[in-house]
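Peer 1: These are the residues of each chain, in order.
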Amino acid sequence: MPDESERMLVSRIEEGTVIDHIPDWRANTVSRVLRMDKLARMQADVSVAILQNVTSKSFGRKDIVKIDKWHVDEKDADILCLVFPNITVNYIDEGKVSKYEPKVPDTIEGRIRCPELNCISNTEREPVLPRFNTLKKERLLQCHYCDALLAFDSVPEYVRT
Amino acid sequence: MSPSADFLGRDVVSARDFKRDQFEQLLHGVEDLEKRKGSLDGALKGKLAALLFFEPSTRTYSSFQIAAEKLGMRVSGFAGPTGSSITKGETLHDTLRMFEGYGADVFVIRHSKMGAARFAAEISDTPVISAGDGSREHPTQAMVDLYAIHKAFGRIDGLKVGMLGDLRYGRTSSSLAYALSNFDVDITFIAPDALQMRPEVTQLLKQRGVTPKKESALKSVAGSLDVLYVTRIQKERIPDPTEYERVKGMYEVNLEALRDSKPSLKVLHPLPRVDELSTEIDETNYAQYFVQAAGGLPLRMVLLNLILGGAS
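Residue numbers (the working numbering), protein chains in the order written: chain A, 1 to 161; chain B, 1 to 312.
There's no promise every hint is true.
To be verified - Below are the DSS-like pairs computed for lysine-lysine, each with C-alpha atoms no more than 25 Å apart in a straight line:
(1) Lys137/A to Lys19/B
(2) Lys213/B to Lys248/B
(3) Lys213/B to Lys137/A
(4) Lys213/B to Lys19/B
(5) Lys19/B to Lys45/B
(6) Lys137/A to Lys206/B
(7) Lys103/A to Lys137/A
(8) Lys35/B to Lys45/B
(9) Lys214/B to Lys137/A
(10) Lys235/B to Lys214/B
(11) Lys37/B to Lys47/B
(12) Lys136/A to Lys235/B
(13) Lys160/B to Lys235/B
(14) Lys19/B to Lys136/A
Stated by the list, open to error - Chain A regions said to be covered by chain B (calculated; three or more residues, Cβ under 8 Å):
(15) 118 to 129
(16) 142 to 154
To be verified - Below, a sample of chain A positions facing chain B; criterion: calculated Cβ distance under 10 Å:
(17) Glu157
(18) Tyr158
(19) Val159
Rather than coming from a laboratory, the hints here were simulated on the basis of the structure.
Here the structure is a predicted model, which is why all the values come from computation and not from measurement.
Cβ coordinates follow ideal geometry from the N, Cα and C atoms, glycine included.
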């Protein structure tokens with residue numbers, strides 16, 4: 001059941017994704033991780049509603065991102081949960097809601113670049129994709145190639161565009 | 001020494017990938033070769049070693065070249081980018097493919113990019129030996145270093161090892177730290193804050209039950225060490241020139257700096273040295289670095305022989 005303030009601002013969507021329980025005022029980070037700028041480049045028929053600092057029974061305040069006519073890739077949702085472990089993702093198909101529980105993946109390939117500029121995975125002409133292994137307890141990613149560490153919280157800065 | 005399943009056809013991209021018994025197998029192999037000089041000569045006759053040095057090297061290139069030749073191998077490749085197709089922009093990927101086509105049995109690769117050896121190992125079915133990539137790792141140097149320690153003390157367990165200098169960007173230090181983490185050793189990293197060991201190295205060491213100490217000056221620990229591993233601090237690594245002038249004296253190893261050391265202390269250095277290790281140490285019992293350098297050739301012979309399954 002949506003909160004009062006949310007209902008006031010945005011109507012239901014029939015097809016798309018709702019990302020809920022984002023910490024308050026952090027929705028822009030979600031846009032960044034999901035590379036929403038590419039939607040504009042693709043001139044996709046997608047509408048995005050970003051709700052910030054809305055009231056929440058369990059969180060006090062939170063942000064919500066509603067994306068009409070676009071299903072967020074589960075792998076991208078998993079990357080989001082590195083930064084925001086409490087987010088929930090709802091996919092909506094013909095008005096029916098199905099929950100996806102994002103999980104911290106064991107490995108991440110191709111989506112995040114290595115923070116070490118001199119890493120082979122940052123070399124443009126070599127056919128190599130950046131790859132990370134997750135150290136869940138330490139909340140770190142480790143580059144498969146050069147071993148460089150990247151804190152979960154720093155992931156948004158390194159999302160590949 | 002017979003060919004070993006632990007080594008046969010394997011890649012050598014990081015010292016962290018090797019276990020204690022594998023290091024011991026190597027050390028015993030080198031010991032054996034030093035006792036029975038010439039016993040591996042010609043063991044890999046007819047095989048081809050491709051030495052691909054995308055970054056210039058004299059010492060490591062020569063030691064691999066001579067090791068391969070003593071084993072009876074043919075050697076091809078390049079000792080640096082100058083004059084090779086690399087200057088025309090050929091990638092590591094394409095170079096490997098080309099040498100695979102020429103029938104290379106092993107690749108020995110040095111590259112300026114970190115993780116280049118792991119990438120090479122992934123794209124090639126031919127065994128890849130890293131001869132140093134970026135400022136991360138130089139696994140065969142760590143094997144040489146381990147042998148020099150083993151030779152001096154007859155053991156590695158129970159030793160107190162100090163690693164001094166540029167630990168952040170020095171590729172030999174991180175590989176040696178990984179190798180030592182398989183043994184019961186006490187490790188102290190001695191470096192200015194800006195050049196202290198990288199977090200991923202200390203992270204792995206801790207996972208393996210070795211908690212390294214960190215010091216900013218040699219003086220405070222010199223008296224307790226069994227091994228002092230010296231590396232050079234490069235001026236360009238410290239952004240503030242006045243800071244460089246301030247710290248460099250603290251990391252110079254001379255007789256005065258070793259005044260309180262144990263008489264049994266052994267000083268190692270991967271060489272070449274500039275002014276961080278005084279020549280006045282050369283004639284003392286502390287100096288182990290020439291013994292260490294001499295171990296490079298037999299060690300690389302044993303390693304190549306194990307990987308390529310040559311004669312025992």
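Peer 1: The structure should be examined with respect to each hint, and the outcome stated for every one.
Peer 2: Going down the list of hints, with the structure as the test:
no., hint, result
1, Lys137/A to Lys19/B, "holds (24 Å)"
2, Lys213/B to Lys248/B, "holds (21 Å)"
3, Lys213/B to Lys137/A, "holds (23 Å)"
4, Lys213/B to Lys19/B, "holds (23 Å)"
5, Lys19/B to Lys45/B, "violated (29 Å)"
6, Lys137/A to Lys206/B, "holds (14 Å)"
7, Lys103/A to Lys137/A, "holds (14 Å)"
8, Lys35/B to Lys45/B, "holds (22 Å)"
9, Lys214/B to Lys137/A, "holds (24 Å)"
10, Lys235/B to Lys214/B, "holds (21 Å)"
11, Lys37/B to Lys47/B, "holds (21 Å)"
12, Lys136/A to Lys235/B, "violated (37 Å)"
13, Lys160/B to Lys235/B, "violated (28 Å)"
14, Lys19/B to Lys136/A, "holds (24 Å)"
15, 118 to 129, "holds (count 9)"
16, 142 to 154, "holds (count 8)"
17, Glu157, "violated (17 Å)"
18, Tyr158, "violated (16 Å)"
19, Val159, "violated (20 Å)"
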